[in-house]
Amino acid sequence: MKFGIVVFPGSNCDRDTFHVCNHVLGHKTVYLWHKSHDLQDVDCVILPGGFSYGDYLRPGAIGKFSPLMNEVGEYADKGGLVLGICNGFQVLLELGLLPGAMLRNKNLKFLCQFVHLRLEDNKTAFTRKAKIGQILRMPIAHFDGNYYADPGILDELRKENRVILRYCDANGLVSEDNNVNGSAESIAGLINKKGNVMGLMPHPERCSEQILSSEDGRVIFESVIDFIHA
Amino acid sequence: MKVRILVSFKESVLDPQGQTVKHALHTLGYDFIKNVRQGKLFEIDLDGISEKELEKIIPEISDKVLTNPIIEKFTWERLDG
Amino acid sequence: MIDKKLLDDHNLTHEEYDRIVELIGREPNLTELGIFSLMWSEHCSYKSSKVHLQKLPVSGKNVIQGPGENAGIIDIGDGLAAVFKIESHNHPSYIEPYQGAATGVGGILRDIFTMGARPIALLDSLRFGPLDKAQNKSIMSGVVSGISGYGNSMGIPTVGGETCFHECYSKNPLVNVFALGLVEKDKIFYAKAEGIGNPVLYVGAKTGRDGIHGATMASAEFGKDSEAKRPNVQVGDPFREKLLMEACLEATSKNLIIGIQDMGAAGLTCSTTEMASKSGTGIEINLDKVPQRETGMTPYEIMLSESQERMLIITGRDKVDDVQKIFAKWDLDAVIIGRVTEGSRLKVSFKGKIVVDIPVEAVVNLCPVYQREICRPASLSMFPTDLLPDIPGDLSASLLRLLSSPSLADKEWIFRQYDHMVQINTAFLPGMDAALLRLKDTKIALALTLDGNGLYAQLDPRTGGKAAVAEACRNLACVGALPMGVTNCLNFGNPEKPETMWRFQEVVEGISEACRVFDIPVTGGNVSFYNESEGKSIYPTPVLGVVGKIDDINKAVDTGFKREGDDIILLGTNRDEAGASLYLKLMHGLEFGPPPQIDLEKEKKLQKFLLEIISLSWIRSAHDVSEGGLAVCLAECCFSGKNRPGFSVTLEENMRPDTLLFGESQSRVVISAGKKEVQKIIALAKERDIPCRVIGKTGGKRILFKHNGKTVIDLDAGQAFSAWKTALPKIMAP
Chain E
1 MKFGIVVFPG SNCDRDTFHV CNHVLGHKTV YLWHKSHDLQ DVDCVILPGG
51 FSYGDYLRPG AIGKFSPLMN EVGEYADKGG LVLGICNGFQ VLLELGLLPG
101 AMLRNKNLKF LCQFVHLRLE DNKTAFTRKA KIGQILRMPI AHFDGNYYAD
151 PGILDELRKE NRVILRYCDA NGLVSEDNNV NGSAESIAGL INKKGNVMGL
201 MPHPERCSEQ ILSSEDGRVI FESVIDFIHA
Chain F
1001 MKVRILVSFK ESVLDPQGQT VKHALHTLGY DFIKNVRQGK LFEIDLDGIS
1051 EKELEKIIPE ISDKVLTNPI IEKFTWERLD G
Chain G
2001 MIDKKLLDDH NLTHEEYDRI VELIGREPNL TELGIFSLMW SEHCSYKSSK
2051 VHLQKLPVSG KNVIQGPGEN AGIIDIGDGL AAVFKIESHN HPSYIEPYQG
2101 AATGVGGILR DIFTMGARPI ALLDSLRFGP LDKAQNKSIM SGVVSGISGY
2151 GNSMGIPTVG GETCFHECYS KNPLVNVFAL GLVEKDKIFY AKAEGIGNPV
2201 LYVGAKTGRD GIHGATMASA EFGKDSEAKR PNVQVGDPFR EKLLMEACLE
2251 ATSKNLIIGI QDMGAAGLTC STTEMASKSG TGIEINLDKV PQRETGMTPY
2301 EIMLSESQER MLIITGRDKV DDVQKIFAKW DLDAVIIGRV TEGSRLKVSF
2351 KGKIVVDIPV EAVVNLCPVY QREICRPASL SMFPTDLLPD IPGDLSASLL
2401 RLLSSPSLAD KEWIFRQYDH MVQINTAFLP GMDAALLRLK DTKIALALTL
2451 DGNGLYAQLD PRTGGKAAVA EACRNLACVG ALPMGVTNCL NFGNPEKPET
2501 MWRFQEVVEG ISEACRVFDI PVTGGNVSFY NESEGKSIYP TPVLGVVGKI
2551 DDINKAVDTG FKREGDDIIL LGTNRDEAGA SLYLKLMHGL EFGPPPQIDL
2601 EKEKKLQKFL LEIISLSWIR SAHDVSEGGL AVCLAECCFS GKNRPGFSVT
2651 LEENMRPDTL LFGESQSRVV ISAGKKEVQK IIALAKERDI PCRVIGKTGG
2701 KRILFKHNGK TVIDLDAGQA FSAWKTALPK IMAP
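Residue numbers (the working numbering), protein chains in the order written: chain E, 1 to 230; chain F, 1001 to 1081; chain G, 2001 to 2734.
These are calculated hints, taken from the structure and not from any lab test. Model, not experiment: these values are computed from the prediction. One or more of the hints may lead you astray.
Calculated cross-link-like contacts (lysine-lysine; reagent style BS3-like; alpha-carbon spacing at most 30 angstroms) [said to hold, decoys possible]:
hint, chain 1, residue 1, chain 2, residue 2
1, E, Lys109, G, Lys2730
2, G, Lys2187, E, Lys28
3, F, Lys1064, G, Lys2206
4, E, Lys106, F, Lys1034
5, E, Lys106, F, Lys1056
To give an idea of the interface, some chain E residues facing chain F are shown, with a C-beta separation under 7 angstroms as derived from the structure [claimed, not checked]:
hint, residue
6, Ala101
7, Leu108
8, Tyr148
Distance windows between CB atoms, simulated [claimed, not checked]:
hint, chain 1, residue 1, chain 2, residue 2, range
9, F, Leu1041, G, Lys2730, 27 to 37 angstroms
10, G, Asp2078, E, Lys131, 39 to 49 angstroms
11, E, Asp38, G, Gly2077, 37 to 47 angstroms
12, F, Asp1047, G, Lys2185, 48 to 58 angstroms
13, E, Asp226, F, Lys1002, 49 to 59 angstroms
14, G, Lys2686, E, Arg137, 38 to 48 angstroms
Cβ atoms here follow ideal geometry from the backbone N, Cα and C, with glycine treated the same way.
All chains should be modelled from the sequences, with the hints used to inform the complete structure.
Listed below in structure tokens is the structure:
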């Protein structure tokens, strides 16, 4: 299969994600320059982490106007897989491909640390190789990951099983104490109605090799690969 | 033409920065301060459009670019004339 | 007209002014005076430190570039080179902590990527006044946010460093930032202006009035009015710098550049003259072509501006288009502002007139060099140890207090604000003896550390210099890395004071001696003088940044105990040395010497032995004994260990228990190993003549120390951990 990694000015996890998709998992991977209009026939578009446009105005707020985002929107409409990681998730929210918005972390500080996440649904293209209730240990690194949506949207997300990851403790307990950035309902990752666009704040590309002290992120990429090959 | 646009969180959205400022002011003894909302300010110079267009353009760019309507609202005013 | 006040404003002496007149054969105009004042400032010219710095060993078989360029470079094998440097941003960080620290990060990163290297790591050494003062807290908050704001946005991980606290840093915080980049050995670029007629390109952000006189500010003492000096501080734009970095790396990787230099402190002035000087050429620029952010700027302001995120590039005439295309792709300007000329003069025109016409050599290399007066201070606070205070009744409480003091407490509050994992090379999370970075597609790992101790250097500067090198190298040896190169940041008070200069000389000689013994070259560094406020100087604070290498990353060990029932071994000797310890300072409010003495040959042998047993995979953890002594060292091994196993240690030295537990004798390392390996370690240690003995065992839930049959410390490991872990967040809570 072929991964495409969007490069915005200010993206800084593009090379990391490329390394994992290409060198670690052994799949063809291309960079997609934000000013182009060509998705190069990829099987999955990844919007990587970083500070697109310096996070100036709001995280993701300027990136959403990049020329390539038109193509990404159409691609998603047609059912193409789109994965937004951290800043990529913020861009997807700004684009309206996923509902809600991000506020500053509740402690008003940038947070870079490992967290535990509970996997809430494995019937998606991005999680099919994982188990429901599986606890993943992954790093986060963001200033604005405090997920917000109005109660109607939160209801809908819950009813439609669209919350994919929640912050929890090492035993899988979801509580305000373990809700590191203050997100509504401890939401760390969610998916769209059609199940082809997912966003998550944790960085799976930072924990896909043994030397980096966790390999729990691989399951996200491996699910995508499995879905495409199925 | 010169325009000032003020962007702030909607009332329904918790504003942790505003809360922190309020807390800081309270510790400094200004305990009569009841609430603080923090926002952003844009000052924009424009040229070559009519008054009527201005009335249309400012809400348009505020909605589309300067705010995220899910969490933010805006007000605006003319700074000249 | 040029009078005394004008010279004072430019921090130039009358003698220096006379020399300028002599060198250029006439009176300088204001712009020319400004140029000389910048380039002849202490910050740029090293006029007070040069004679001493010449003593440092700068060569070695792995050195590709020593001092004198944007950064030093060493060969790390596999066709790769490591480019690294440390810089201080002390003065700006006091005036405006966020922007001061942020632009410090921006500046050091430009030094790295100008050479064609992609930065892969940042570390910082921070020193603040005690946190019980609100101003110190807010300086620390601002500095940490500034480093975080800039480094995170650039996507360069901040993987380690140190943070210390002392009254002497209250109005003189120290912010020393270290950066390291990687480059292929045959793709290194230098600051040179070669090829007569070649165009000079200005790239990056537009020029504004920011930071005019930043370099001269960093070369003057602070008076009461320094808070009012805010306009001098530059504002950083990490997003712009990220674009600049990508564009520069793209241009260097395509070999489109002849020479490149960043416009940091001293801006356009420094970059034009230094590049021309290195190539023996002249340079001509037209200020009307310089992109400007503000209107009505004078030649003086344009030449002296310290606006950030700008670079000067020399390229061939046939390559200008290609260079401009790359910068356009990244939404950056690349404008021709001049050309390389014959005749080694700097000529600057503005609105059709020549406004500067001076010899490059005079500006760059003919600044007077001072052999400043030197005088050993009358009192160095040396007291005999029999004046030590009574031994505290409850040493468990003393340990808890040390562990929860800001200098020793867990620093997660700081490092979790830094993105320390981006670029996915971070093999050790922050908090270990050294940061460890894997190099993708190789088995090699780089280990990095920053270390310094102001109190040792205050009480005995020569020992302080030696100890800083020894400890930094020991930190690397503890993870299994061989030290390869050093960069140093020397933070001192006013060099015009003979006592300061004596300390400076002693520290440099100490560093020099240690580097010679350990056979590691100093590839560059930075001197920061005038760290004084209202007449009060900081303690002399040498900070050493050492880069080391492990050939096989799988051999690396960290500080944490791994299993219950492992033997705990002490390498080195506990000596009766309480002087200059953090224990005396924190528990008894005493600061007196002498600091622990160091035998460099023994230290070298110890480190070699440690590297040997790590490469044999005989040990499970290693941690060096430093501030806080043996007790704090062992507690840290527990805290960073898997499931935090407790331990029990028995000591038999005939000395005061507090000195034994908290004294800071040098050349000691605590390791842990399994049964099978212990006998082999002891046997090899005997052969290598290394003091080595089992002092206890890991396991249980308590931290236990026995001395001559008596329990001297008995703490619940969980309680101790919690005191250590929560101390800083509690202090920093809003």
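Verification of the supplied hints:
1. Lys109(E) with Lys2730(G): Between Lys109(E) and Lys2730(G) the Cα gap is close to 15 angstroms, so the pair holds against 30 angstroms.
2. Lys2187(G) with Lys28(E): Holds, because 27 angstroms separates the two Cα atoms, which is no more than 30 angstroms.
3. Lys1064(F) with Lys2206(G): 29 angstroms, holds
4. Lys106(E) with Lys1034(F): 20 angstroms, holds
5. Lys106(E) with Lys1056(F): 36 angstroms, violated
6. Ala101: 4 angstroms, holds
7. Leu108: 6 angstroms, holds
8. Tyr148: Since the shortest Cβ distance to chain F is 6 angstroms, the answer is holds.
9. Leu1041(F) with Lys2730(G): 27 to 37 angstroms: 35 angstroms, holds
10. Asp2078(G) with Lys131(E): 39 to 49 angstroms: About 40 angstroms separates the Cβ atoms of Asp2078(G) and Lys131(E), which means 39 to 49 angstroms holds.
11. Asp38(E) with Gly2077(G): 37 to 47 angstroms: With a Cβ separation near 40 angstroms, Asp38(E) and Gly2077(G) satisfy 37 to 47 angstroms, so the hint holds.
12. Asp1047(F) with Lys2185(G): 48 to 58 angstroms: The hint (48 to 58 angstroms, Cβ to Cβ) holds, given that Asp1047(F) and Lys2185(G) are roughly 54 angstroms apart.
13. Asp226(E) with Lys1002(F): 49 to 59 angstroms: Given a distance of about 57 angstroms, which is inside 49 to 59 angstroms, the answer is holds.
14. Lys2686(G) with Arg137(E): 38 to 48 angstroms: About 43 angstroms separates the Cβ atoms of Lys2686(G) and Arg137(E), which means 38 to 48 angstroms holds.
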